[in-house]
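Participant: Chain residues, written in single-letter form:
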Amino acid sequence: MKKIINDPKRVVDESVAGFALAHADLVTVATDPIHVVRADAPVQGKVGIVSGGGSGHEPLHAGYVGHGMLDAAVPGAVFTSPTPDPILNATKAVDGGKGVLHIVKNYTGDVLNFETAADLAAADGIEVRAVVTNDDVAVKDSLYTAGRRGVAGTVLVEKIAGAAAERGDSLDQVAEIAERVNANARSMGMALTPCTVPHAGEPSFTLAEDEVEIGIGIHGEPGRERIKIEPADSLVDRLITPVIEDLPFSSGDRVLLFVNGMGGTPQVELYLAYRRAAEVLEERGIRIERSLVGNYITSLEMQGFSITLLKLDDEMIELWDAPVHTAALRWGR
Amino acid sequence: MKKIINDPKRVVDESVAGFALAHADLVTVATDPIHVVRADAPVQGKVGIVSGGGSGHEPLHAGYVGHGMLDAAVPGAVFTSPTPDPILNATKAVDGGKGVLHIVKNYTGDVLNFETAADLAAADGIEVRAVVTNDDVAVKDSLYTAGRRGVAGTVLVEKIAGAAAERGDSLDQVAEIAERVNANARSMGMALTPCTVPHAGEPSFTLAEDEVEIGIGIHGEPGRERIKIEPADSLVDRLITPVIEDLPFSSGDRVLLFVNGMGGTPQVELYLAYRRAAEVLEERGIRIERSLVGNYITSLEMQGFSITLLKLDDEMIELWDAPVHTAALRWGR
Amino acid sequence: MGLDITWAVDWVRRSAESMSEHRVELINLDREIGDGDHGENMDRGFQAVLPKLDDLPAGSTPSDVLKLLATTLISTVGGAAGPLYGTAYLKASGAVGGEVSLDADAVVRMLEAGRDGIVLRGKAEPGDKTMVDAWSPAVEAARGAAESGASAATTLQAAADAAAEGAVATEPLVARKGRASYLGERSAGHRDPGAQSTAYLLAAGAAAASNGTSA
Amino acid sequence: MGLDITWAVDWVRRSAESMSEHRVELINLDREIGDGDHGENMDRGFQAVLPKLDDLPAGSTPSDVLKLLATTLISTVGGAAGPLYGTAYLKASGAVGGEVSLDADAVVRMLEAGRDGIVLRGKAEPGDKTMVDAWSPAVEAARGAAESGASAATTLQAAADAAAEGAVATEPLVARKGRASYLGERSAGHRDPGAQSTAYLLAAGAAAASNGTSA
Ligand SMILES: Nc1ncnc2c1ncn2[C@@H]1O[C@H](COP(=O)(O)OP(=O)(O)O)[C@@H](O)[C@H]1O
Ligand SMILES: Nc1ncnc2c1ncn2[C@@H]1O[C@H](COP(=O)(O)OP(=O)(O)O)[C@@H](O)[C@H]1O
Ligand SMILES: [Mg+2]
Ligand SMILES: [Mg+2]
Ligand SMILES: [Mg+2]
Ligand SMILES: [Mg+2]
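Residue numbers (my numbering), protein chains in the order written: chain H, -9 to 323; chain V, -9 to 323; chain P, 1412 to 1626; chain U, 1412 to 1626.
Don't read these hints as lab results, they were simulated from the structure.
It should be emphasised that the depicted structure is a prediction, and the values quoted were computed from it without experimental measurement.
Incorrect hints may have been included.
Claimed, not checked - Listed next, the stretches of chain H that the computed footprint assigns to chain P, with coverage defined by at least 3 CB atoms under 8 Å from CB atoms of chain P:
1) 187 to 199
2) 308 to 315
Said to hold, decoys possible - Sample of chain V residues at the chain H side, in silico, Cβ under 7 Å:
3) I(-6)
4) P(-2)
5) S5
6) F9
7) A268
8) E279
9) V283
10) L290
11) W321
Backbone N, C-alpha and C define an ideal beta-carbon position, used for all residues, glycine too.
One chain only, chain H, in its complex shape (with noise of 0.2 Å):
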């Protein structure tokens, strides 16, 4: 394992020291248990935004904390959901009297986590609602499993959700349209390499080398096959078929189209696919309103990259356009 690390153990408080210090002007970082919160938190009358889940898949959460996205992020380990003490502590530094939304992507410790704490939260008489994001199509949903996974459209669901907050929506209205983008939301992903955990330091799996995993989740779990590499077009195919037919998207429908980088994928392959995905949404009539490429939900190192189609009414682009002004979002400010 060739890491850019001290010691394996201390990753996250070091990387998050020297975030809160890059972003001084954004975020303000409580140690102990750790949680970053937007500088100007609790922001009154704004209902409060927390998220959070392990580390690792950087730029998320903490590099979407500050104006019109969220107001406190929870980093736990890496790939391990932080306990319900510093949830509790940013849900608390965010309250600015309207309630707070837990956004939390369906992986049964962030559930269970984040429900211990908006417990905790009631009994101080905050009031929270949680929304579970959802939107991986490669994990066949049912009730015999832990149902589809959170990925890419949690950040679609914070950006959105943050832009309704920030223009005073109620917590029963903010927790709708973030329902409302989840729902409209699908994605898969795919890797061409695995990802190592610090304190596991061996790969999360082994791919030969003209192997990739189909399906893979952010966490380098595998997916749902292996099979040899193929052209970038035939990849993107694999991953966006699913994906339109899931909701499915049709003909005359708007959508943002979210080309992802898994962490270690050099962005000339992500727009490389960018061009293959619009072209086969060209052919089935559906429209690209929106677009976002780039290394925005990540698995530390891995390479691959997942795409995510949200299904856009008028309020979500004008949600989608509002200011934002995070350490990996900005725009309007």
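Starting from the known structure of chain H, fit chains V, P and U with the ligands onto it as the hints suggest.
Facilitator: Showing chains V, P and U with the ligands alone in chain H's frame:
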């Protein structure tokens, strides 16, 4: 070699095509020969700024085309300087009557091809000046070498010169500030892993499981020395010390600290490195006024990072803060 | 002879030792069908509780130790295992509240409450390839032992043995809860890391008990 | 017998073939001490000129062929090699302008002008571990051959042989120009890719010439 590509010979064309589709609001892309031009070019009464070089360093340069930065970018084949034709075409396309600045990284190929293009543009009556960036302290500068390489400092030159052009400075003034930024910027990088040029199909060099390369260039050119991997803090010290001592940067200086990823480095590691770099500067009484952390000039999927320091003056700070709206760098609008 | 505060503290100490010792093994099991952090998570949690044991007030009961363990795990482990084990120990603590010394029946009540806590939070059924597949046979075995008149220590040993078998028996199963469920059929052929850690934790309890009896 | 338009066209064709054939080898040499693109760059450039050869107007001279080659390389190769070889062929073209058939002296003039063009643009001296280290001995050898009365073909063969030796002789050198110079001492022990491509290109010229003589 595992990459998200189709035909290795069409990587740049297809990727730039994707870029054009994703950022149609910002840029227009001319093909054959390929160059990326600001959507509203030529901006009358504004100095045009053109940069370019081999592909594989994305977001450099196309990601920096837009308001407040570059007017055009000319991507060559991967790691290969573009030929004079597209540079000439780009130069003509962005000439708004006030002349054009070429920002060229100091590599024999880039210098020669931009020189030829400038001669041809001059023959067409366009006033062209070139600024050659050479901020890499890893390579000893000497009469007997090709001189220092232009690396991450180039991004800072492009941003600040771009802002000067946007506010209406003359060609001489824009060139002067570009020279000033280059003269006050120093960088050094390292790599954990090599990168693989698509048409080569093999890694640019090999490193053992426990080796890193100090002083790496942005084309996977081997650097100063190969050492056993060390903790992140020591690696940061190995990069920042020669950077500080070269200019030199001294107590009381105000700087921009730029921690750049080589393309395959996760953010968690970049911020961890930033933490140590900030600590070193603090110890030396050097004041961090501005920061930039991320993958801004890369070597395909190479893992590693570089540290750049720019000694700031008031004008540079003002120009750094000025609005910029490009695919990869955006604030203030 | 029942299991008292000394046993309870010893259980936690031995558990911490076992989690350290098997940290890499549990990480590797979790890498196969999860995300490779289970050993790290458990080790972090149990290391965190050790210093707190010294601050237990005089007169503390096994229930107090279990509660301390529960709250520490909840606030340090994270992931799925943190809340699940946290709830297990919290409910176990409640089931033997106030008792100074646990007899065989108390051991059964404790284990059953623990298992029920996990099921309440995690909604897994036996056969879903989770830690429940170690806890459930452990509870049954303990009940059987206690009903046939075994000592508390022997009862706990029976539970530990059954948990170990239960962990092994997760290998052919297809996971239907937790991260491994994303793998579908491909989860078969691997042991569930949480079931294995459960086996180690109950083995630590049994070892502490037999040590107490023989001492 | 001098070297005429047929020879010139054949030289370019054989050069293209040689660059294709040695593409991977030149990439690998460049990977060692550069950025791994030299073979790709040269192959792209020479492939681009092939279709244009068919459009040469009747009455074209070797100089016209060299000029076409020069402008094509300049506009398709990029990198350092594009402008350097481009300038070399442009100056070589100029040195034999209007001549229908090149004798040994013309071959020397052509090679010398090419070498000087490279030095003018690249500022490298012999011993800097660049293509100049193949071109310079080639020019000297050609001059020696021509002075001792050799034919144009033999003169070119002498140049090609000297270039090949010159390329080999770059191996122990420490690079002082181009990308390899960044390596300092570590560039020693590797052959310069540009010197090697020069050797192949001159060999192609000599082969075309000897083919012409024997035909
Ligand atoms: N719903 C559930 N019910 C019971 N146990 C579960 C459930 N989900 C996960 N587990 C257990 O948790 C273990 C994984 O724990 P851990 O790796 O620490 O957490 P995470 O999966 O969040 O990384 C699994 O091996 C399984 O035994
Ligand atoms: N200044 C120079 N003078 C002469 N030849 C040079 C000079 N710089 C580079 N070269 C030649 O160019 C070759 C590299 O060409 P190429 O790999 O195509 O370009 P780049 O270095 O831009 O990738 C070197 O092997 C060397 O022979
Ligand atoms: Mg986990
Ligand atoms: Mg090159
Ligand atoms: Mg796990
Ligand atoms: Mg090269």
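Participant: Under the criterion of a CB-CB separation shorter than 7 Å, is P(-2) (chain V) in contact with chain H as hinted?
Facilitator: violated, 10 Å
Participant: Is the coverage entry for the region 308 to 315 of chain H by chain P consistent with the three-residue Cβ rule at 8 Å?
Facilitator: violated (count 0)
Participant: Against chain H, is W321 (chain V) within 7 Å by beta-carbon distance?
Facilitator: holds, 6 Å
Participant: Min Cβ distance, S5 (chain V) to chain H: is it shorter than 7 Å?
Facilitator: Holds, about 4 Å.
Participant: Given L290 (chain V) as an interface hint, is its Cβ closer than 7 Å to any Cβ of chain H?
Facilitator: holds, 5 Å
Participant: Would you settle whether the hint for A268 (chain V) is holds or violated, based on the nearest Cβ-Cβ distance to chain H being less than 7 Å?
Facilitator: Holds, because the Cβ-Cβ distance from A268 (chain V) to chain H comes to roughly 5 Å (cut-off 7 Å).
Participant: Let me know if the C-beta of I(-6) (chain V) comes in closer than 7 Å to any C-beta of chain H, holds or violated.
Facilitator: holds, 4 Å
Participant: Would the hint on E279 (chain V) stand, with a C-beta cut-off of 7 Å toward chain H?
Facilitator: This interface hint is violated because 12 Å lies over the 7 Å limit.
Participant: For the hint on F9 (chain V), does the least C-beta distance to chain H fall short of 7 Å?
Facilitator: It holds, given that the least Cβ distance between F9 (chain V) and chain H is near 5 Å, below 7 Å.
Participant: Tell me if the interface restraint on V283 (chain V) is satisfied: Cβ within less than 7 Å of some Cβ in chain H.
Facilitator: holds, 5 Å
Participant: Verify the coverage statement for the region 187 to 199 of chain H against chain P, using a C-beta to C-beta distance below 8 Å and requiring 3 or more qualifying residues.
Facilitator: With 6 residues close enough to chain P, the hint holds.
Figure legend: structure checked against the earlier numbered hints; hints not met, in rising order: 2, 4 and 8.
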